[in-house]
Structure formats: structure tokens, C-alpha cells
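Chains as they are written, first to last, in the working numbering: chain H, 1 to 141; chain F, 142 to 282; chain S, 283 to 366; chain W, 367 to 450.
Treat each hint with caution, since some may be false.
[As the list claims (entries may be wrong)] Simulated crosslink set (EDC-like; lysine to aspartate or glutamate; CA at most 20 Å straight-line):
(1) F:Lys268 with F:Asp210
(2) H:Lys119 with F:Glu250
(3) H:Lys26 with F:Asp210
(4) H:Lys22 with F:Asp181
(5) H:Lys26 with H:Glu102
(6) H:Lys19 with F:Asp157
(7) H:Lys64 with H:Asp134
(8) F:Lys160 with H:Glu102
(9) H:Lys26 with F:Glu250
(10) W:Lys374 with W:Asp437
(11) F:Lys268 with H:Asp116
(12) H:Lys119 with F:Glu243
(13) F:Lys160 with H:Asp116
(14) F:Lys167 with H:Glu49
(15) H:Lys22 with F:Asp210
(16) H:Lys127 with W:Glu416
(17) F:Lys167 with H:Asp40
(18) F:Lys163 with H:Glu102
(19) H:Lys64 with W:Asp430
(20) F:Lys167 with F:Asp152
(21) H:Lys127 with H:Asp16
(22) H:Lys22 with F:Glu250
(23) H:Lys19 with F:Glu243
(24) H:Lys22 with F:Glu243
[Claimed, not checked] Residues from chain H that face chain F, not an exhaustive set, calculated with beta carbons under 7 Å:
(25) Gly24
(26) Arg27
(27) Met28
(28) Arg39
(29) Thr87
(30) Leu108
(31) Ile115
No lab work stands behind these hints, which were simulated from the structure alone. Even for Gly, the Cβ is constructed at its ideal location relative to N, Cα and C.
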Amino acid sequence: MQQAVRIQREDFSQDDEIKALKAGSKRMGGIGTFLGCARDFSEGREVSEISFDAYGSMALSEMKQLRSDAIEKFGLLDARIVHRIGTVRGGDNIVFIAAGAEHRVAALEACRWMIDELKQRVPIWKKEITPQGDTWVMPHP
Amino acid sequence: MQQAVRIQREDFSQDDEIKALKAGSKRMGGIGTFLGCARDFSEGREVSEISFDAYGSMALSEMKQLRSDAIEKFGLLDARIVHRIGTVRGGDNIVFIAAGAEHRVAALEACRWMIDELKQRVPIWKKEITPQGDTWVMPHP
Amino acid sequence: MRGEEVIKVLFFGPVAERIGNGVLQIAHRPGMRLQDLRDGLAAQYPQAFEIVCFTAMNGESVRDMSIPLPDSSEVAFMARFSGG
Amino acid sequence: MRGEEVIKVLFFGPVAERIGNGVLQIAHRPGMRLQDLRDGLAAQYPQAFEIVCFTAMNGESVRDMSIPLPDSSEVAFMARFSGG
């Protein structure tokens, strides 16, 4: 079984991730997931590819900490986080977050919290590659 | 490709559902899902199986309406709802909801709203089969 | 045709278990209202109707029990839902 | 050993692009603080440091720029994250 927190170039399977998430407990009544995908259009421009740069070692340790924090904060039974790096095309998967809990509210709230926190905490940067040139995405504060 | 809203005995694949959800648009930046599973323990009792009864035709039309309502209310690009009937065991999948939107907030909020509404609107009943006997689940108002 | 018209009444899950049946055929009477059907069945199956929370007519949720009940209607008296 | 000690400075994404490099080796001076390192680099690469929002030392986020900078430290000056 793969690690619960990963940064990788290759795509992932939700079925595999959910199977791994469930493996630890049959008391899991609710699983919330968030899947972030590459859009082929952003801020009025066509986007052909998105490429990622990451401070790999720090990103991985921040993601591991984020998973532990979520498990504790929401009383989860388990959680998983996978982020791709390298270059992806429109429609491709970028990030996957899953939270499993006894009841649905904790699972769904944890999922929402984790993706919000990931964007704040994890040193990864995306560049949009468009026919008009490449642009690093600069999120507003 | 399978229908976006289904009631079925057989299990489903999240990968297949997400692939179908994404098929309509490459502008989908966020997909929220909720997966409800059978717990092997409920209100202090061991649960060996859960069986479902449904008012099939009404349940399906309520689920279709729920999908349309969610798409309109949250400006989703697409949504899917699958509910199993028959008998499932601890850890098995029961219900799957997916909401795809341009941005994550709409996707995650729609997902939360859909599972809450499904429980209110859709005529399906679950019976917990335990070593001490069978009990229809009676949710509190 | 007189005497042939019936209402099909459906029960599911915990209500069906208490009725001991998933479907009943009830003779339709002219001028019959949903409330009349419910009153008759509730008198006959009080334990089942204790847990009835929702009523549907022809697959649509109904709150106003005073509406007329056409013949050949399909009515469901349902307990609180517990799917999902 | 004097003169051999260096600080490894890492840049990623938009900052690396403006620096024109992902890593710089900076000589370590005794008593050096994080702020000294930053000031020196910011003077040399003003465009890159315009977008620097976060600093990490040895993989941990740092807010207090007055802390001492041991030799062999790994420091990253980073723009606002845009992953996920």
C-alpha cells in the first residue's frame, strides 16, 4: 500500500486511495474527498499546461503535519493527501485529499479545511503555460 | 457511460464516476465527493450487515431533482449521485455523491448540501442486521 | 366499472414490516380524500401509522391531506427516511 | 576551515525565475543573522525579493528574521504558495 502522504509525478487512482483509507477501520461511515484538477481556462486565458515547482522536502513534511493536524482536529479515523508535480494538461488531476470519519460532518469539514490549509502551508508553485506565454500563478493574499 | 443518477445493487468505482463527471468539461477545477460506507458498529451494537428498502421510482426522481437543484444552486458544471440498495456488509460502499465546479468552494459546499438533502428527501430506509436482531434505523427529527 | 376502481397503497421498510405487507389494494370511493384513506388505514394498523411521517401520491410528496384522491392513485405512507 | 562555511540558499518557482537560479551558495560570516542574508540578497536581486513572502530555515518556516544563522544552514526565500 502506498504512503498516506505523497508528492509524485504520476497520476493516482481514487479507488486505490479510498481502499487504502478504508483499510484501517470498518467504523468509517463517511469519507469526504477533494480532487483538484487542471482547468484549461483561467482568468480569461486558455491554459494548455500547468507545471509545478516544489520545495519537495518541506512540502512533504508540511503535508504530513497537515494530515496529523486534521486527524486530531476533526477526530478522523484516517486521511490521505497526494499532490502531483511536473507538468499536467487540462482536465488532469493535481491534488487529492481524503478524510474518513465515523460520521459525515467531520469527514466533509476536515476535507474542506485540509485543502484550504494546504494552499496556505505547502511550498508548491504552479505556472500556467498558455499560447501567450507562461505565468507563475500569484494568489492574492 | 453510466447515468449520472442511479440506484443499484452492485458496487461502483469512484474512478469511473470521476471520469464520467469530468468528461463534460475541462473547466472543472474542483471536485468534491462524499462516500457513505457501512459501519460495523452503531449505537453501541455490532452490525454485521445493512439492508436497504427503497421506493425506487420516487427515490430516483428525487435524486434526479436533487442533482438539478444542486447544479443550479451552486453553479456546478456537473454532479452525480449513486445509491446502493440490497444488502451490504461492514466497510462496503452505500452512497456516492460528486460535485464538480470551476472552483473548490462551490464543489465542496454542494457536496455537503447534497448528502444532507438526500437524507431528507429520498425515500430509502436502512435496517441494521446485528447478532441481537434486526432494527430499522429511525433517525431523530 | 363501479367497484373495480382501487387505490394502490405502498409501504416500505419499517412501515411495511409493521403492516406485514408492502402493498394493499383499497377500494376507491367517489369523493374520497387522502385523509379518508389515511384514517381508515391508521385505525386498522395503528402501530404502523405511529411512525408514518411522509405521504406521497403518485410518487410526489404531499402535505395537504385534504386533497381529493382520484381512483387508480398510488399512495405511499412512509416513515422518516434513513438512506445515505 | 575558515572561509569554507557556506549557507545554501534555495529558490523555487517565480522567485527562482527572477533570480535566474534555484540555488546560491553564500559565504557564512560569524554572527550572521537571517536578516543579514536577506538584506544582502534583496539588494542584489530586488525584483525577486519583491515577491518573497515566506522564509524557511532548514525546512521550517521562520518569521523572526533576527535569529542567528548557523553555518551550513539551508535557507529558502519563497513567494506566496500556489499549489493545490
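Structure-based check of each hint:
1. F:Lys268 with F:Asp210: 29 Å, violated
2. H:Lys119 with F:Glu250: 18 Å, holds
3. H:Lys26 with F:Asp210: Status violated; Cα separation ~33 Å.
4. H:Lys22 with F:Asp181: Holds, at about 12 Å.
5. H:Lys26 with H:Glu102: Answer holds: Lys26 of chain H to Glu102 of chain H is near 9 Å, not above 20 Å.
6. H:Lys19 with F:Asp157: 15 Å, holds
7. H:Lys64 with H:Asp134: Violated: Lys64 of chain H and Asp134 of chain H sit about 31 Å apart, past 20 Å.
8. F:Lys160 with H:Glu102: 27 Å, violated
9. H:Lys26 with F:Glu250: Violated. Lys26 of chain H to Glu250 of chain F sits at ~26 Å, over the 20 Å cutoff.
10. W:Lys374 with W:Asp437: Given pair Lys374 of chain W, Asp437 of chain W holds - Cα atoms ~9 Å apart, limit 20 Å.
11. F:Lys268 with H:Asp116: Violated. Lys268 of chain F to Asp116 of chain H sits at ~37 Å, over the 20 Å cutoff.
12. H:Lys119 with F:Glu243: 17 Å, holds
13. F:Lys160 with H:Asp116: At roughly 24 Å apart (the allowed maximum being 20 Å), Asp116 of chain H and Lys160 of chain F break the hint.
14. F:Lys167 with H:Glu49: Roughly 12 Å between the alpha carbons, so the hint for Lys167 of chain F and Glu49 of chain H holds.
15. H:Lys22 with F:Asp210: 31 Å, violated
16. H:Lys127 with W:Glu416: Holds, at about 18 Å.
17. F:Lys167 with H:Asp40: 6 Å, holds
18. F:Lys163 with H:Glu102: 29 Å, violated
19. H:Lys64 with W:Asp430: At roughly 24 Å apart (the allowed maximum being 20 Å), Asp430 of chain W and Lys64 of chain H break the hint.
20. F:Lys167 with F:Asp152: 27 Å, violated
21. H:Lys127 with H:Asp16: Violated, at roughly 28 Å.
22. H:Lys22 with F:Glu250: 23 Å, violated
23. H:Lys19 with F:Glu243: Distance ~27 Å between Lys19 of chain H and Glu243 of chain F Cα, so the pair is violated.
24. H:Lys22 with F:Glu243: 29 Å, violated
25. Gly24: Hint on Gly24 of chain H: violated, closest Cβ of chain F at ~11 Å, above 7 Å.
26. Arg27: 5 Å, holds
27. Met28: Holds, about 6 Å.
28. Arg39: Check passed: Cβ of Arg39 of chain H comes within 5 Å of chain F, closer than 7 Å.
29. Thr87: Nearest chain F Cβ about 16 Å off; hint violated.
30. Leu108: 5 Å, holds
31. Ile115: 6 Å, holds
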